[in-house]
Amino acid sequence: MPELKTEHSTSRLAAVLRELAVPLVSVAIAAIIGSIIMLIAGFDPLAAYAAMFKGAFGGGRQIGETMLRSTPLMFTGLAVAYGFRAGLFNIGAEGQLFMGGLSAAWLGIVLAGMPRPLNIILMLVAGAAIGAAWAFIPALLKAKVGAHEVITTMMFTYIGRYIVSWLVTGPLKAEGQIPQTNRLPVESTLPKMHEMLPFLTPSRVHLGFVVAIILAFFIWWVLKYTSLGYESRAVGYNPWASETGGISVSATTIKALCISGALAGLAGVTEVMGVHMRLFDQFSAGFGFTGIAVALLAKNNPIGVIAAAILFGGLSAGGGTMQLEADVPQKVILIIQALIIFLVAAEQIARWVIGWTDRRGATEHAG
Amino acid sequence: MDAKFRKVLALLLVFALVAVFAVGCGGGEEEEPADNGDGVEAPTTDVKAAMVTDVGGLGDKSFNDMSWEGLLRAEQELGVEIRALESNEIADYEPNIDQLANAGYSAIFTVGFLMTDTTTAKAPEYPDVVFGGIDQFFEEPAENQAGLLFKENEAAYLAGVVAGLATLDSGLDDRINDQNVIGFVGGMDIPPVEKFEVGFIAGARSVNPDVEVISLYAGSFDDQAKGKELALSAIDQGADVVFAAAGLTGLGSITACQERGALFIGVDADQYETVPGSGDVMLTSAIKRVDTAVFETVKAVVEGTFVGSENREFGLAEDGVGLAPYHDFDSAVSQDIKDAVEEARQAVLDGTVTVPALRSEL
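Listed in order, the protein sequences are those of chains A and B.
Under this note's numbering, the first residue of the first sequence carries the number 1, and numbering increases by one thereafter.
Under this note's numbering, the first residue of the second sequence carries the number 1, and numbering increases by one thereafter.
Take these hints with a grain of salt, some might be off.
[What the hints assert, rightly or not] Listed next, the in silico DMTMM-like pairs over lysine to aspartate or glutamate satisfying Cα-Cα at most 20 Å (straight line):
#, chain 1, residue 1, chain 2, residue 2
1, B, Lys48, B, Glu89
2, B, Lys338, B, Asp169
3, A, Lys54, B, Asp98
4, A, Lys54, A, Glu325
5, A, Lys173, B, Asp117
6, B, Lys48, A, Glu325
7, B, Lys338, B, Asp270
8, A, Lys54, A, Asp327
9, B, Lys226, B, Glu259
10, A, Lys192, B, Glu303
11, A, Lys192, B, Asp117
12, B, Lys299, B, Glu310
13, B, Lys338, B, Asp328
14, B, Lys48, B, Glu77
15, B, Lys226, A, Asp281
16, A, Lys192, B, Glu125
17, B, Lys299, B, Asp319
18, B, Lys299, B, Asp46
19, B, Lys338, B, Asp350
20, B, Lys61, B, Asp270
21, A, Lys331, B, Glu89
22, B, Lys48, B, Asp173
23, B, Lys48, B, Asp128
24, A, Lys173, B, Asp189
25, B, Lys48, A, Asp327
26, B, Lys338, B, Asp173
27, A, Lys299, A, Glu19
28, A, Lys331, B, Asp222
29, B, Lys299, B, Glu77
30, B, Lys61, B, Glu89
31, A, Lys144, A, Glu243
32, A, Lys173, B, Glu139
33, A, Lys331, A, Asp44
Calculated directly from the structure, the hints in this document are not laboratory data.
Could you build the full structure based on these sequences and the hints that come with them?
Listed below in structure tokens is the structure:
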């Protein structure tokens, strides 16, 4: 009996390792190809990676910077991953993020003078709600008339971005020359983490990082242990079987896309409350889209999203040091990111094809 | 077998990708700043000057590149060690400034109005570093901080004089029609662009009071399709000279002029030089000398004459803005037009004309 038990646990470990292998190998290949590119372009890849690592993890301030940059990617990564688990491709996380940011920029001013904990909770809840609302119409269209969410969420991204663009140049514009909203009062902002962890001084990382980590574990729990999560996954695997099994596919689709939208909305809220303290046109560096890459690399696992987001955050944070110390242009970071995405995506495609041929083989045998 | 084939295919694709990137990188390399002088013996100083680009980065053919030009000149003429750090995203602004300040750079230029807040936050943190904010207006600049702004309206005023007279002069080019209409395409409706628009209108009206100026805004600086569409609609309403102050958006307006037969006035740099193949429509350009502003500021730091706590405005008098040559149109543009431009320039310089900067002042 004990023997059997160890065998069981090693095979579980092996399974976990197998799952981890694909993303880890992809990142390694991307790093190698990245160094070949740097060599061809006349840069020293070892110096570049050393500087990049130093800039991302070389001290409290660098670690804080990496955490700061991974925060929005965790939210959007979770958003996209949750959608994928329910068989939905929420390509419009960017739009939901913008609406979340908008709600924070507006509500933060309205709530001026109120106690800080209350403001933080209200603004987070409101941002999640408007993110969900922004996903609700595409979700409804998907559930009721079958309009594809890739089209509709993307279109809603344009609408959201242009609404923000209009508001920051018009009705919500602050005094002065720059198209941006007024600065949030301090009671409407997220505390910096170095206030609690002096080790991180003087980095800019804010409490949103902790919120993101907690949410990742919460979403993992929802997916694994709740009926809501079970239904989402079931619909993602096979909507027809789920429908037959008594799950309402349209209700589950709506719920899943709204949850996804809520998570993306939080990315916008925490960027406004923690980083910029105000809203302007370019406050998001395409976090909604990078979130797709994060979810892919994490293989839609909420805990994996934490790791993938920290990797992307570290790449982004290390880029500046790499540029200064190794003289490698910052754009190389974008190339490495693109390579990782490409390799992970290619693997997913391959797996899907294998899975599909296997299934077809199985049905032919059965027939 | 199948799986093996797929692996080989994946590998091939990866190599193809590498090849593409390698070519891309090789091409881009020339645009990267070299961080040391080219052996030209320059006077030495321990001042080190650097810039942080906005997300457009180097190679934007606009204010990032022109700031770099200013630094290059400082390197050659003053022996200053120079450096540029690019920003991939807004989150890079602050760490880039920190990196440069900690690496001993004593003059740091931040490029673009998006960096206004960051520059203001960082200036008190590094009191020994001089900060110059390109296109940034500071409410209460610190002693080591100066906003570097431009009188875009003065450059546009001269461009307006050219356009206002050109649209009446059918002898200039057969694309000039008999309607008294010219066009303006703006990027985003922000103060520097408004100054371009207002100066252009004022200049045109000063020589041609009845001229109709069609002003259109694209809402972004990187939407060439929109820039083309807006210019086409202006041309269809009779405009035969179009002035675009719209960054990359304006490149679409150039295409529109080429396709629909109108003349174009460029912006920021001499676009005859920076936009290859635009010579057939490029009448002139309203230039904003970001390089001059950067160079003059570095020079002041080197000579110990830098004065902070202010927003400096560079206009015609400071050689901070100006009008580009007519290039291919030099013989077509009549002496009357050239004289009128010279007259307008003198009038601005000696103060007999104050060019409006706001729509409300028109």
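Consistency of the hints with the structure:
For the hint pairing B:Lys48 with B:Glu89, the CA-to-CA distance comes to about 25 Å; that exceeds 20 Å, so the pair is violated. At most 20 Å may separate the alpha-carbon atoms for a hinted pair to count; B:Lys338 and B:Asp169 meet this at roughly 13 Å. Restraint check for A:Lys54 and B:Asp98: the C-alpha separation of about 15 Å stays at or below 20 Å, so the hint holds. The suggested pairing of A:Lys54 with A:Glu325 holds, with an alpha-carbon distance near 10 Å, which does not exceed 20 Å.
Under the criterion of a C-alpha separation no larger than 20 Å, the hint pairing A:Lys173 with B:Asp117 is consistent with the structure, at around 15 Å. The suggested pairing of B:Lys48 with A:Glu325 holds, with an alpha-carbon distance near 16 Å, which does not exceed 20 Å. About 17 Å separates the Cα atoms of B:Lys338 and B:Asp270, which keeps this hinted pair within 20 Å; it holds. Among the hinted pairs, A:Lys54 with A:Asp327 is consistent with the structure: their alpha-carbon atoms are about 14 Å apart, no more than 20 Å.
Between B:Lys226 and B:Glu259 the CA atoms are separated by roughly 15 Å; this keeps the pair inside 20 Å, and the hint holds. With a C-alpha separation of about 40 Å, the suggested pairing of A:Lys192 with B:Glu303 is violated against the 20 Å cut-off. This hinted pair checks out: A:Lys192 and B:Asp117 have alpha carbons roughly 18 Å apart, not beyond 20 Å. For the proposed pair B:Lys299 and B:Glu310, the alpha carbon gap of about 17 Å is at most 20 Å, so the pair holds.
Note on B:Lys338 and B:Asp328: the hinted pairing holds, with a Cα-Cα distance of about 15 Å set against a maximum of 20 Å. A distance of roughly 13 Å separates the Cα atoms of B:Lys48 and B:Glu77; the hinted pair therefore holds under the 20 Å criterion. Taken as a hint, the B:Lys226 and A:Asp281 pair is honoured in the structure, with Cα atoms around 18 Å apart against an allowance of 20 Å. Proximity of A:Lys192 to B:Glu125 is assessed by CA-CA distance (about 18 Å); at most 20 Å being required, the pair is judged to hold.
Using a Cα cut-off of 20 Å, the hinted pair B:Lys299 and B:Asp319 holds, with the two alpha carbons roughly 15 Å apart. The suggested pairing of B:Lys299 with B:Asp46 holds, with an alpha-carbon distance near 12 Å, which does not exceed 20 Å. The suggested pairing of B:Lys338 with B:Asp350 holds, with an alpha-carbon distance near 18 Å, which does not exceed 20 Å. With a C-alpha separation of about 10 Å, the suggested pairing of B:Lys61 with B:Asp270 holds against the 20 Å cut-off.
Between A:Lys331 and B:Glu89 the alpha-carbon distance is near 11 Å, which keeps this suggested pair within the 20 Å criterion. Note on B:Lys48 and B:Asp173: the hinted pairing is violated, with a Cα-Cα distance of about 49 Å set against a maximum of 20 Å. A hinted pair counts as satisfied when its Cα atoms are at most 20 Å apart, and B:Lys48 with B:Asp128 qualifies at roughly 12 Å. Under the criterion of a C-alpha separation no larger than 20 Å, the hint pairing A:Lys173 with B:Asp189 is consistent with the structure, at around 12 Å.
The hinted pair formed by B:Lys48 and A:Asp327 meets the criterion: a straight-line CA distance of about 16 Å does not exceed 20 Å. For a cut-off of 20 Å, the pair hint linking B:Lys338 to B:Asp173 stands: about 16 Å separates their Cα positions. For a cut-off of 20 Å, the pair hint linking A:Lys299 to A:Glu19 stands: about 9 Å separates their Cα positions. Proposed proximity of A:Lys331 and B:Asp222 is supported: the alpha carbons are some 19 Å apart, at most 20 Å.
For the given pair, B:Lys299 sits about 9 Å from B:Glu77 by alpha-carbon distance, which is consistent with the 20 Å threshold. With a C-alpha separation of about 19 Å, the suggested pair B:Lys61 and B:Glu89 falls inside the 20 Å cut-off, and the hint holds. At most 20 Å may separate the alpha-carbon atoms for a hinted pair to count; A:Lys144 and A:Glu243 meet this at roughly 15 Å. The suggested pairing of A:Lys173 with B:Glu139 holds, with an alpha-carbon distance near 16 Å, which does not exceed 20 Å.
About 15 Å separates the Cα atoms of A:Lys331 and A:Asp44, which keeps this hinted pair within 20 Å; it holds.
Consistency with the previously given hints fails for numbers 1, 10 and 22, ordered from lowest to highest.
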